Amino acid sequence: MPELPEVEVLKKTLTKFLVNSTIKKVRINNASLRYKLANNFGSKLRYKKIKNLTRRSKYLLIHFFGGDYILIHLGMTGFFYLLKPKDKKFINASFYINKKINKKHNHIIVYLKNGYNLIYNDIRRFGFMKYYKKSTRKSNNFLIKLGPEPLSKKFNASYLESLAKKRNILIKSLLMNQKIVSGLGNIYVNEALYYSKINPLLLCNKIDKKKLIVLIKNIKKILKTSIKFGGSSIKNYINIAGNKGSFQQKFKVYNRANLKCKNCEGIIKKVKILQRATFYCNTCQK
DNA sequence: TTCTTTGTTCCGGA
DNA sequence: GTCCGGAACAAAGA
Numbered sequence: 000m001p002e003l004p005e006v007e008v009l010k011k012t013l014t015k016f017l018v019n020s021t022i023k024k025v026r027i028n029n030a031s032l033r034y035k036l037a038n039n040f041g042s043k044l045r046y047k048k049i050k051n052l053t054r055r056s057k058y059l060l061i062h063f064f065g066g067d068y069i070l071i072h073l074g075m076t077g078f079f080y081l082l083k084p085k086d087k088k089f090i091n092a093s094f095y096i097n098k099k100i101n102k103k104h105n106h107i108i109v110y111l112k113n114g115y116n117l118i119y120n121d122i123r124r125f126g127f128m129k130y131y132k133k134s135t136r137k138s139n140n141f142l143i144k145l146g147p148e149p150l151s152k153k154f155n156a157s158y159l160e161s162l163a164k165k166r167n168i169l170i171k172s173l174l175m176n177q178k179i180v181s182g183l184g185n186i187y188v189n190e191a192l193y194y195s196k197i198n199p200l201l202l203c204n205k206i207d208k209k210k211l212i213v214l215i216k217n218i219k220k221i222l223k224t225s226i227k228f229g230g231s232s233i234k235n236y237i238n239i240a241g242n243k244g245s246f247q248q249k250f251k252v253y254n255r256a257n258l259k260c261k262n263c264e265g266i267i268k269k270v271k272i273l274q275r276a277t278f279y280c281n282t283c284q285k
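Position 102, counted from 1, in the first sequence is what numbering that gives the first Met the number 0 calls 101; the numbers after and before it change by one each time, with no gaps.
Read the hints as simulated data drawn from the structure, not as lab findings.
Hints should not be assumed to be uniformly reliable.
[Unchecked claim] Lysine-lysine pairs mimicking DSBU-like chemistry, simulated, CA-CA at most 30 Å apart: (1) Lys164 / Lys220; (2) Lys132 / Lys24; (3) Lys220 / Lys165; (4) Lys165 / Lys210; (5) Lys269 / Lys285; (6) Lys43 / Lys112; (7) Lys205 / Lys259; (8) Lys152 / Lys223; (9) Lys144 / Lys24; (10) Lys83 / Lys103; (11) Lys144 / Lys112; (12) Lys223 / Lys208; (13) Lys85 / Lys10; (14) Lys205 / Lys268.
[Claimed, not checked] Quick list of the computed label-pair ranges, beta carbon to beta carbon: (15) Asn29 / Gly265: 41 to 51 Å; (16) Asn176 / Lys132: 28 to 38 Å; (17) Asn101 / Lys209: 45 to 55 Å; (18) Asn29 / Ile212: 41 to 51 Å; (19) Arg45 / Lys178: 30 to 40 Å.
Fair warning: this is a prediction, and the values are worked out from it, not measured in the lab.
Here a beta-carbon is modelled for each residue, glycine too, at the ideal position from N, C-alpha and C.
Let's have the full structure, built from the sequences with the hints guiding it.
Written out as structure tokens, the structure reads:
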């Protein structure tokens, strides 16, 4: 699942290949993403020159000279790769492809003047992209409601405590709320609570500040490590088309129901919180 | 056929 | 009105 670190790595990788490049044409194989692509999506992109790329939460933004931009969300299975057919160069830009690419899910192909094709592949089509005018930069509905970035200074223990004491919800629900902190998904919340020895079923207003300090520290550490790891694993993907990557995510608790805890003798339990799979060790997460 | 998966929105109960 | 959890939704694969 593409989470914040994956999007950050994607941004960095694409930046190298897209900035200052001009779009020659766009081929849309399937416009039915999570939100149907506008009919003029391709024609709007044509001849646009890319200025820079940014990330907000799990959204990737591609900015054009002149100020218009596209907003992208990868959903559950969306990813990008770059292909330079002339020299058979293949670059996996999206961090986590383990399986062979099924071309039938190549929904959008952007042909760039620099010879690269930027390809968007999304098996379940929960991802989306939208074209926006410059004037929407400060009023974009997807961005306007988001809380602080988890890696920003604004996301600290005092901030979290002030919100936690006002609410009567589970700590996991608090962290999953994008208005509280934006960009943490299910996997990283599970992992961060495990590292911090905090039970996801605890009420957020019952957790003392000491614990919150540890939690904040771990969230930042896990995200940073993951970004670093993603950055280095990307290199292994600069291969000829078809070569598989070997990157494996090493989760401490996520998806380990009924297995032995990596920290103690406990067994990892699985419950649902906000309809999401939640994993924790009953012994070390008090 | 049914279940799982994520992020967001909507709805109803307390 | 406010707070909270559950359902629904998007699509595909097991």
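Contradicted hints - numbers only: 9, 11
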